[in-house]
Amino acid sequence: MQQLGNTNYGSTMNTQPLNDQLIAGDLLSSVKAGIKATAAALTETATPEVRRTLEQQLQQGLNFHQQLTNFMMQKGWYKPYDVQAMIQGDLQQTQQIHQQLGESMQYHQQFGSSYTQPQYGQTQYIQQQYRQ
Amino acid sequence: MHNSHLAPHEMLDLHELIGMKNVRAAKSAAMMNMVTDPQLRNFLQQEVQTATQHAHQIQSLLSGVTTGGRY
Chain A
1 MQQLGNTNYG STMNTQPLND QLIAGDLLSS VKAGIKATAA ALTETATPEV
51 RRTLEQQLQQ GLNFHQQLTN FMMQKGWYKP YDVQAMIQGD LQQTQQIHQQ
101 LGESMQYHQQ FGSSYTQPQY GQTQYIQQQY RQ
Chain B
1001 MHNSHLAPHE MLDLHELIGM KNVRAAKSAA MMNMVTDPQL RNFLQQEVQT
1051 ATQHAHQIQS LLSGVTTGGR Y
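Protein chains in written order, with this note's numbering: chain A, 1 to 132; chain B, 1001 to 1071.
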């Protein structure tokens, strides 16, 4: 397997399933989706008041996107000028997340059901009592 | 504001946008408690404020619709 330790992409990744890098990435994709939806709505606008509001919101979204992108580049979470490092980071992140999710799902299958099962049984018992 | 008479397709677009803004405000607020980086927390806070502001702006654009819209 490829050695992944030679890049600091994702170096702040901790063992939390939802860490700072993922939350920043989620925020970035929300902002991008918002910009595109606002721009799409603008191209369908006829009412001046709607146009003014959406133009202003679009500009605010674009400014926020720029700030957030700069921040993520400083953090090393986003490397638009080093595609190889970015793909390597993607692969690393994919491996890490799905390994964590696999372990977590296994835990829920093993221990989650045995914890919830008695409660469910109890509810059924209470329902039976209630029917009688 | 109150002389705005929205076209049906504008209402649909605004409906879509206000839904996005609401989800984003709520989601960013929830995520503020999960992050460790103070700068990222500031970004999330800014996002909560902006999304809330945008939702209110769209709300006032749509507010005439439910009461007939012809002002």
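Keep in mind that the hints were calculated from the coordinates and are not lab data. Treat each hint with caution, since some may be false.
Claimed, not checked - Subject to a maximum C-alpha distance of 27 Å in a straight line, what follows is the list of computed DSSO-like cross-link-like pairs (lysine-lysine):
| id | chain 1 | residue 1 | chain 2 | residue 2 |
| --- | --- | --- | --- | --- |
| 1 | A | Lys36 | A | Lys75 |
| 2 | A | Lys32 | B | Lys1027 |
| 3 | A | Lys36 | A | Lys79 |
| 4 | A | Lys79 | B | Lys1027 |
| 5 | A | Lys79 | A | Lys32 |
| 6 | A | Lys75 | B | Lys1027 |
| 7 | A | Lys75 | A | Lys32 |
| 8 | B | Lys1027 | A | Lys36 |
How the hints compare with the structure:
1. Between Lys36/A and Lys75/A the CA atoms are separated by roughly 25 Å; this keeps the pair inside 27 Å, and the hint holds.
2. About 16 Å separates the Cα atoms of Lys32/A and Lys1027/B, which keeps this hinted pair within 27 Å; it holds.
3. Between Lys36/A and Lys79/A the alpha-carbon distance is near 22 Å, which keeps this suggested pair within the 27 Å criterion.
4. Between Lys79/A and Lys1027/B, the direct Cα distance comes to roughly 26 Å. Compliance with the 27 Å bound is thereby established for this hinted pair.
5. Our distance criterion of 27 Å between C-alpha atoms is met by Lys79/A and Lys32/A, whose separation comes to about 17 Å.
6. Straight-line distance between C-alpha atoms of Lys75/A and Lys1027/B comes to about 22 Å, which keeps the hinted pair within the 27 Å bound.
7. Of the supplied pair hints, the one linking Lys75/A and Lys32/A holds, its CA atoms being roughly 19 Å apart against a limit of 27 Å.
8. A threshold of 27 Å between alpha carbons decides the hint, and for Lys1027/B with Lys36/A the separation of about 19 Å falls inside it, so the pair holds.
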